[in-house]
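Visitor: Here the working numbering runs 150 ahead of the position in the sequence shown, where the first position is 1.
The hints are simulated quantities; they were obtained by calculation from the structure and are not laboratory data. We put the beta carbon where it would ideally sit given N, CA and C, even for glycine. Don't take every hint at face value.
To be verified - Pairs of lysine to aspartate or glutamate residues, derived as EDC-like cross-links and limited to a Cα-Cα distance of at most 16 Å, are as follows:
{"no.": "1", "residue 1": "291", "residue 2": "303"}
{"no.": "2", "residue 1": "368", "residue 2": "357"}
{"no.": "3", "residue 1": "350", "residue 2": "394"}
{"no.": "4", "residue 1": "380", "residue 2": "394"}
{"no.": "5", "residue 1": "328", "residue 2": "394"}
{"no.": "6", "residue 1": "291", "residue 2": "270"}
{"no.": "7", "residue 1": "350", "residue 2": "362"}
{"no.": "8", "residue 1": "274", "residue 2": "289"}
Unchecked claim - Just the calculated beta-carbon pair ranges, DEER-fashion:
{"no.": "9", "residue 1": "393", "residue 2": "185", "range": "26 to 32 Å"}
{"no.": "10", "residue 1": "169", "residue 2": "367", "range": "26 to 32 Å"}
{"no.": "11", "residue 1": "223", "residue 2": "393", "range": "46 to 52 Å"}
{"no.": "12", "residue 1": "361", "residue 2": "183", "range": "24 to 30 Å"}
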Amino acid sequence: MVLKNYPWNPTAPKSSFDPWDHENMVLSPDGGVTPALRTEGSIKAMNAAYLSGQVFTGRISIPVLDIRPYLEAELNMHSTEQSFASRQRMIDAKGNADNQIIWEQDGDQNYGQIMLKATDTMDKWLAEARSHPGETVAESKPAAAVDSCFAADGTVIASGPGVWDGILNDKATGTCAKRFPIYSTSRIVAGGPIEGSVFKCQLKSVDQAIADEDYNGKIEVGSAAEARLKEIFPTGVCNYRKPDAGRPSGLWVVKP
151 MVLKNYPWNP TAPKSSFDPW DHENMVLSPD GGVTPALRTE GSIKAMNAAY LSGQVFTGRI
211 SIPVLDIRPY LEAELNMHST EQSFASRQRM IDAKGNADNQ IIWEQDGDQN YGQIMLKATD
271 TMDKWLAEAR SHPGETVAES KPAAAVDSCF AADGTVIASG PGVWDGILND KATGTCAKRF
331 PIYSTSRIVA GGPIEGSVFK CQLKSVDQAI ADEDYNGKIE VGSAAEARLK EIFPTGVCNY
391 RKPDAGRPSG LWVVKP
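Generate coordinates for the entire structure from the input sequences, incorporating the hints supplied.
Guide: What follows is the structure, given as structure tokens:
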């Protein structure tokens, strides 16, 4: 991995910014006539990651308070989407995410304030669960343990079960979801699931992808674009309707 350009190298001039990351590309040997060689993920390595517990499959029963500063407009890997990727994995694995609460604050200027509130909330949640072992984790929640979003000064903008509606369901957009819109990812734009659960996709032909309207009607049968797609992806394109090819069989999950 070459990290010599701005912004990865803080001493590099801004003029060196390369959004296409040419330094780390595998390029066509003849200027684009022949497609570049493609790398392929190791199924063995993916299986090992799952079986060794390195992949969060959503099976978790302890209280989860997922807190993030809203940094979508910044060059920052801590994207808001990850909170909901975790939630969807939990829903897929056990049918609900009742033990997960999502808090989002506008920026990270006063992040310590919300962390103090989170610590107090989690302490009460765990204390209630310990003193009433017959309760479920969801039943042990204190009043403050609800989905919420906060202003930069720490004041509550909105809280309650519907504030993040519209992200993982088809309901009207909730107050927090509207206030803190989630940026997409390259895989989601390509058709992948929000939970990011596909390390290696199963394939289907370009013809089938066009028939399935994966390209929203922008690639026509018999067009130059179709021919080029087939040159670039001779073995097919991702079929995100099918599960992860790298997921070992036998991992229990609710979602079919």
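Visitor: Indicate, hint by hint, whether the structure satisfies it.
Guide: A quick look at each hint next to the structure:
no.: 1; hint: 291 with 303; in the structure: violated (25 Å)
no.: 2; hint: 368 with 357; in the structure: holds (13 Å)
no.: 3; hint: 350 with 394; in the structure: holds (6 Å)
no.: 4; hint: 380 with 394; in the structure: violated (23 Å)
no.: 5; hint: 328 with 394; in the structure: violated (31 Å)
no.: 6; hint: 291 with 270; in the structure: holds (12 Å)
no.: 7; hint: 350 with 362; in the structure: violated (20 Å)
no.: 8; hint: 274 with 289; in the structure: holds (12 Å)
no.: 9; hint: 393 with 185: 26 to 32 Å; in the structure: holds (27 Å)
no.: 10; hint: 169 with 367: 26 to 32 Å; in the structure: holds (28 Å)
no.: 11; hint: 223 with 393: 46 to 52 Å; in the structure: violated (33 Å)
no.: 12; hint: 361 with 183: 24 to 30 Å; in the structure: holds (28 Å)
Violated hints for the displayed structure, listed by number in ascending order: 1, 4, 5, 7, 11.
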